[in-house]
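K.L.:
Residue numbers (numbering that gives the first Met the number 0), protein chains in the order written: chain A, 0 to 351; chain B, 0 to 351.
Any given hint might turn out to be false.
Subject to a maximum C-alpha distance of 25 Å in a straight line, what follows is the list of computed DSS-like cross-link-like pairs (lysine-lysine) [stated by the list, open to error]:
(1) B/Lys249 with A/Lys153
(2) A/Lys190 with B/Lys123
(3) B/Lys138 with A/Lys252
(4) A/Lys249 with B/Lys249
(5) B/Lys153 with A/Lys153
(6) B/Lys297 with B/Lys95
(7) A/Lys249 with A/Lys310
(8) A/Lys95 with A/Lys249
(9) B/Lys190 with B/Lys175
(10) B/Lys95 with B/Lys50
(11) A/Lys83 with A/Lys95
(12) B/Lys324 with B/Lys123
(13) B/Lys252 with A/Lys252
(14) A/Lys252 with B/Lys249
(15) A/Lys153 with B/Lys196
Just so you know, the hints here were simulated from the structure itself, not pulled from any lab data.
Protein chains: 2
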Amino acid sequence: MVILLDAMGGDNAPDATIKGAVKAINQIESEVVLIGNEEIINQKVKEFYGKNAISEISPRLKIHHTLETIEMEDIPTQAIKHKKDSSMVVGFNMLKEGKGDVFISAGNSGALLTGATLLVGRIKGVDRPALAGILPAYKSRLVLMDCGANTNCKPINLLQFAQMSSIYLQTTLGVKSPRVGLLNIGTEETKGNELTKESYQLLKEKSKELGVNFIGNVEGREAFLGGVDIIVTDGFTGNIFLKAVEGLGKFVKRTLSESLKKNLLSKLAAVPSLPAINRFAKTVDYKEYGGALFLGVKKPVVKAHGSSDEKLFEFTIKQAEQFVKNKAVEKLTEEFSKQREQNIEESETTNS
Amino acid sequence: MVILLDAMGGDNAPDATIKGAVKAINQIESEVVLIGNEEIINQKVKEFYGKNAISEISPRLKIHHTLETIEMEDIPTQAIKHKKDSSMVVGFNMLKEGKGDVFISAGNSGALLTGATLLVGRIKGVDRPALAGILPAYKSRLVLMDCGANTNCKPINLLQFAQMSSIYLQTTLGVKSPRVGLLNIGTEETKGNELTKESYQLLKEKSKELGVNFIGNVEGREAFLGGVDIIVTDGFTGNIFLKAVEGLGKFVKRTLSESLKKNLLSKLAAVPSLPAINRFAKTVDYKEYGGALFLGVKKPVVKAHGSSDEKLFEFTIKQAEQFVKNKAVEKLTEEFSKQREQNIEESETTNS
Numbered sequence: 000m001v002i003l004l005d006a007m008g009g010d011n012a013p014d015a016t017i018k019g020a021v022k023a024i025n026q027i028e029s030e031v032v033l034i035g036n037e038e039i040i041n042q043k044v045k046e047f048y049g050k051n052a053i054s055e056i057s058p059r060l061k062i063h064h065t066l067e068t069i070e071m072e073d074i075p076t077q078a079i080k081h082k083k084d085s086s087m088v089v090g091f092n093m094l095k096e097g098k099g100d101v102f103i104s105a106g107n108s109g110a111l112l113t114g115a116t117l118l119v120g121r122i123k124g125v126d127r128p129a130l131a132g133i134l135p136a137y138k139s140r141l142v143l144m145d146c147g148a149n150t151n152c153k154p155i156n157l158l159q160f161a162q163m164s165s166i167y168l169q170t171t172l173g174v175k176s177p178r179v180g181l182l183n184i185g186t187e188e189t190k191g192n193e194l195t196k197e198s199y200q201l202l203k204e205k206s207k208e209l210g211v212n213f214i215g216n217v218e219g220r221e222a223f224l225g226g227v228d229i230i231v232t233d234g235f236t237g238n239i240f241l242k243a244v245e246g247l248g249k250f251v252k253r254t255l256s257e258s259l260k261k262n263l264l265s266k267l268a269a270v271p272s273l274p275a276i277n278r279f280a281k282t283v284d285y286k287e288y289g290g291a292l293f294l295g296v297k298k299p300v301v302k303a304h305g306s307s308d309e310k311l312f313e314f315t316i317k318q319a320e321q322f323v324k325n326k327a328v329e330k331l332t333e334e335f336s337k338q339r340e341q342n343i344e345e346s347e348t349t350n351s
Numbered sequence: 000m001v002i003l004l005d006a007m008g009g010d011n012a013p014d015a016t017i018k019g020a021v022k023a024i025n026q027i028e029s030e031v032v033l034i035g036n037e038e039i040i041n042q043k044v045k046e047f048y049g050k051n052a053i054s055e056i057s058p059r060l061k062i063h064h065t066l067e068t069i070e071m072e073d074i075p076t077q078a079i080k081h082k083k084d085s086s087m088v089v090g091f092n093m094l095k096e097g098k099g100d101v102f103i104s105a106g107n108s109g110a111l112l113t114g115a116t117l118l119v120g121r122i123k124g125v126d127r128p129a130l131a132g133i134l135p136a137y138k139s140r141l142v143l144m145d146c147g148a149n150t151n152c153k154p155i156n157l158l159q160f161a162q163m164s165s166i167y168l169q170t171t172l173g174v175k176s177p178r179v180g181l182l183n184i185g186t187e188e189t190k191g192n193e194l195t196k197e198s199y200q201l202l203k204e205k206s207k208e209l210g211v212n213f214i215g216n217v218e219g220r221e222a223f224l225g226g227v228d229i230i231v232t233d234g235f236t237g238n239i240f241l242k243a244v245e246g247l248g249k250f251v252k253r254t255l256s257e258s259l260k261k262n263l264l265s266k267l268a269a270v271p272s273l274p275a276i277n278r279f280a281k282t283v284d285y286k287e288y289g290g291a292l293f294l295g296v297k298k299p300v301v302k303a304h305g306s307s308d309e310k311l312f313e314f315t316i317k318q319a320e321q322f323v324k325n326k327a328v329e330k331l332t333e334e335f336s337k338q339r340e341q342n343i344e345e346s347e348t349t350n351s
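So that you can see chain A by itself, here it is in the shape it has in the complex:
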């Protein structure tokens, strides 16, 4: 198995990508190919580890040399078209050509989504691929889809997000019949904007035959208490939701650590309870939940958090290996082509 890693993507690249790969390599079976500027990478390897080549650390660590990098300011479609030798475009092409089993990048989100769709291609039957992110929840996890790939969506897109994420949870986490909720501002079916109202009806009508366990509208205030496994929404609303949660998480961590340091007494008193507090902080830290899988394209593409540090890259690399092992994308493709054939048969029966 080969994991392709965009070594130049993200706010902390290439330091964090290199260190993350080195940390992960002895915990996985796959090869990791760092795609990026070989000279820069080797220089960093020398600096961090005193080695002349990354392969001295592990024979399963490799470099694929590229010169260009897609920057955060680049316009996605132009960057994908014109920066042919960028780490991202090369990564997508290697994935497409079977030179790797999964591609991870923390680079420009728009370019990543454009590249995944244009270079890797959509699964037949999927109108809009989208990002499925994993968030912490009470004694469980929560999948949010779409996390931000499609600003404008139609009800059919949300129905497909429900299908895709259900298959994903079943195959990767072994959740038998994942409960799917529609993100909304009230639980009644008449609540919300046009998109949520229409999507509710479509989900209600089609879920059963598509094997989706639709439980109705879900509000954010109940989302983290363990009553729902998947939340579907358009990419704009999903991204607002995701970032609100991240923002409050940051605030919580900062305030908690300052509260405990406020005076010497509580500082001293806090020391013995630090393990418990750290356990808590880990639970609510979205960074502990790794990258988002871009569901709906023909090969596994993982969007790592833009501000990923070495720890998060380590985690995301391990997670990517699991995605490949669990054959999430193969199973998704299979299920979709099955449903597509059924639909074609049905429409032929109707027409004849």
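Please arrange chain B on chain A, whose structure you already have, making use of the hints.
P.N.:
Positioned in the frame of chain A, the structure of chain B alone reads:
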């Protein structure tokens, strides 16, 4: 000063409204009129305090008898039209007739918004009144407008939300030039959906002349760190944001308390640091931030949280007195009529 309280509104009414009013009364100067079923209220007063009438607790506590209640399931416009003797409709009419200075209700949100607009009336120049909620932020507070009153909005509405909430923060909290951000999924001005893109342009163009300190797009992940005072958005997105924050807040509180109780050692160890942890929990608890003011109507209307307990009612009542004292609504009305006159003059000059 007279505070009108819908005694029958909210999940925990009338117990929580009565207890909240009793707790608040010695901390405020105003009268509090509990609007609701006198028999039920007196029975509760007897049960809770062993008194025959609420006036025995304080001469500033009164009851205005009504028979009906607007329920959570009621259709807003119909309820406001037909339940003439409901605590909510009676409250609005008393406010309109000058029998009170502010009206607080934790009842049916839709009915409250319909009632405020239909019975109390919009301030001239305001197209859409909306809910301005206060959220915790790092060493500060954050105003979110609209929290959920208007599911569909136009750019002009968001501009007016920016104006209204700026005047509100200046007059009630003394913030000189509140920084206004537009809630979006990226900071660049080209990011977002149609509404945010158009609103960005309108805010950029008009803010200065309207005295609004517009600082651009704001993402949720930076919202709580103290860099912004006001976030404007449509009511759908605002409500998604608000409830995501509430949901994570609930999860944080539950996980933290369980983490600390997990084993005897951390339980014992946690005891001395409890004051710090409680201080922290208070900081991130949205309930510490009281009700949302319905800005854009002619008199002060406060939407208390639907699941308010006695403590939150106590807080909201004290907050409502401050709203009245600070003349937030009068100042808003004045400012809007000024700008309206200027616009009329300008258009006359242009036409002549």
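K.L.:
Taking the hints in turn, state whether each one holds.
P.N.:
Hints, one by one, checked against the model:
1. B/Lys249 with A/Lys153: violated, 31 Å
2. A/Lys190 with B/Lys123: Violated. Lysine 190 of chain A to lysine 123 of chain B sits at ~29 Å, over the 25 Å cutoff.
3. B/Lys138 with A/Lys252: Within the cut-off at roughly 13 Å; holds.
4. A/Lys249 with B/Lys249: holds, 15 Å
5. B/Lys153 with A/Lys153: holds, 20 Å
6. B/Lys297 with B/Lys95: Answer holds: lysine 297 of chain B to lysine 95 of chain B is near 9 Å, not above 25 Å.
7. A/Lys249 with A/Lys310: Holds, because 17 Å separates the two Cα atoms, which is no more than 25 Å.
8. A/Lys95 with A/Lys249: Violated. Lysine 95 of chain A to lysine 249 of chain A sits at ~37 Å, over the 25 Å cutoff.
9. B/Lys190 with B/Lys175: Given pair lysine 190 of chain B, lysine 175 of chain B is violated - Cα atoms ~29 Å apart, limit 25 Å.
10. B/Lys95 with B/Lys50: violated, 32 Å
11. A/Lys83 with A/Lys95: holds, 14 Å
12. B/Lys324 with B/Lys123: holds, 22 Å
13. B/Lys252 with A/Lys252: Holds, at roughly 13 Å.
14. A/Lys252 with B/Lys249: Distance ~15 Å between lysine 252 of chain A and lysine 249 of chain B Cα, so the pair holds.
15. A/Lys153 with B/Lys196: holds, 20 Å
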